[in-house]
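Produce the complete structure using the sequences and hints provided.
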Amino acid sequence: MEKEADSVIKSKSDGGGFKNTLIVLSPLLVCILSFFTAHIFKSVWDVWAWVPIVIIYWIIISFFILWGGGRASIRRWLQPSRSHWGWAVFAVALALPSLRMILTQSYLLKGVLIWLPWLLLGLTNPFLEEGYWRGLILDITSKWPTWVAIIYSSLFFMLNHLVGLGTTSIACRNPIFLTTVFLSGVCFGIIYFKTRSLRWLIFSHALTDLFSLSVPVFLNLYVPPG
Numbered sequence: 001m002e003k004e005a006d007s008v009i010k011s012k013s014d015g016g017g018f019k020n021t022l023i024v025l026s027p028l029l030v031c032i033l034s035f036f037t038a039h040i041f042k043s044v045w046d047v048w049a050w051v052p053i054v055i056i057y058w059i060i061i062s063f064f065i066l067w068g069g070g071r072a073s074i075r076r077w078l079q080p081s082r083s084h085w086g087w088a089v090f091a092v093a094l095a096l097p098s099l100r101m102i103l104t105q106s107y108l109l110k111g112v113l114i115w116l117p118w119l120l121l122g123l124t125n126p127f128l129e130e131g132y133w134r135g136l137i138l139d140i141t142s143k144w145p146t147w148v149a150i151i152y153s154s155l156f157f158m159l160n161h162l163v164g165l166g167t168t169s170i171a172c173r174n175p176i177f178l179t180t181v182f183l184s185g186v187c188f189g190i191i192y193f194k195t196r197s198l199r200w201l202i203f204s205h206a207l208t209d210l211f212s213l214s215v216p217v218f219l220n221l222y223v224p225p226g
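Mapping of the sequence shown onto this note's numbering: residues 1 to 226, in sequence order.
These are computed hints drawn from the structure, not numbers from a lab.
Treat the hints with care, since some could be wrong.
Label pairs and their computed distance ranges (CB to CB) [claimed, not checked]:
| no. | residue 1 | residue 2 | range |
| --- | --- | --- | --- |
| 1 | F18 | I176 | 38 to 44 angstroms |
| 2 | K19 | Y107 | 47 to 53 angstroms |
| 3 | D46 | T146 | 39 to 45 angstroms |
| 4 | I170 | T146 | 33 to 39 angstroms |
Quick caveat: nothing in here was measured; it's all calculated off a predicted structure.
The beta-carbon is built from N, C-alpha and C at its ideal position, and this holds for glycine as well.
Here it is as structure tokens:
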């Protein structure tokens with residue numbers, strides 16, 4: 001099973017032509033489309049522009065996941081970890097610093113227009129973002145030096161938060177937040193290369209999105225210090 005999975009990754013990274021080139025460059029395209037989506041809807045919906053920003057972003061990365069990875073890759077990403085359980089613990093530990101936010105600011109989740117999108121985002125976004133930024137992008141760049149591939153994915157992961165949600169959300173353009181997003185991307189990339197699985201990364205990402213009160217933050221109902 002492990003050899004089969006490795007051969008699939010190798011075949012994707014070795015493949016040439018327009019398709020692979022487009023997938024490698026797709027993070028730039030994703031950021032550009034997020035930027036224009038944010039600026040188009042900001043003038044109409046103000047802070048609620050986060051809704052079309054996220055939906056269009058999900059559609060774009062879902063397309064690349066299905067087109068560039070397909071069902072075989074998705075099944076492989078969701079397989080059990082192939083490494084020591086300590087990497088799973090590390091993945092979950094990365095979400096724990098956000099726990100303080102929900103413990104102290106949970107009152108912001110009042111009203112169905114807040115808590116329902118918060119819950120839906122927390123349960124949906126991790127699958128798509130990990131499938132794209134860690135699964136697809138790190139697979140397609142697996143022939144690169146590992147640190148280069150991880151930095152490449154993490155930089156665009158951070159940039160997309162800035163040019164998309166950062167257009168309306170004060171917190172999402174904060175240098176501390178952006179540094180945290182970048183470092184989380186680096187750590188998640190390392191874990192993916194070690195485990196060849198997205199299971200625990202998806203779980204950790206879901207905890208982070210929920211603990212950090214993503215929707216109240218997008219709406220500027222809460223602006224973290226710094």
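Report task. Determine which of the earlier numbered hints do not hold for this structure and return their numbers in increasing order. Result -> none
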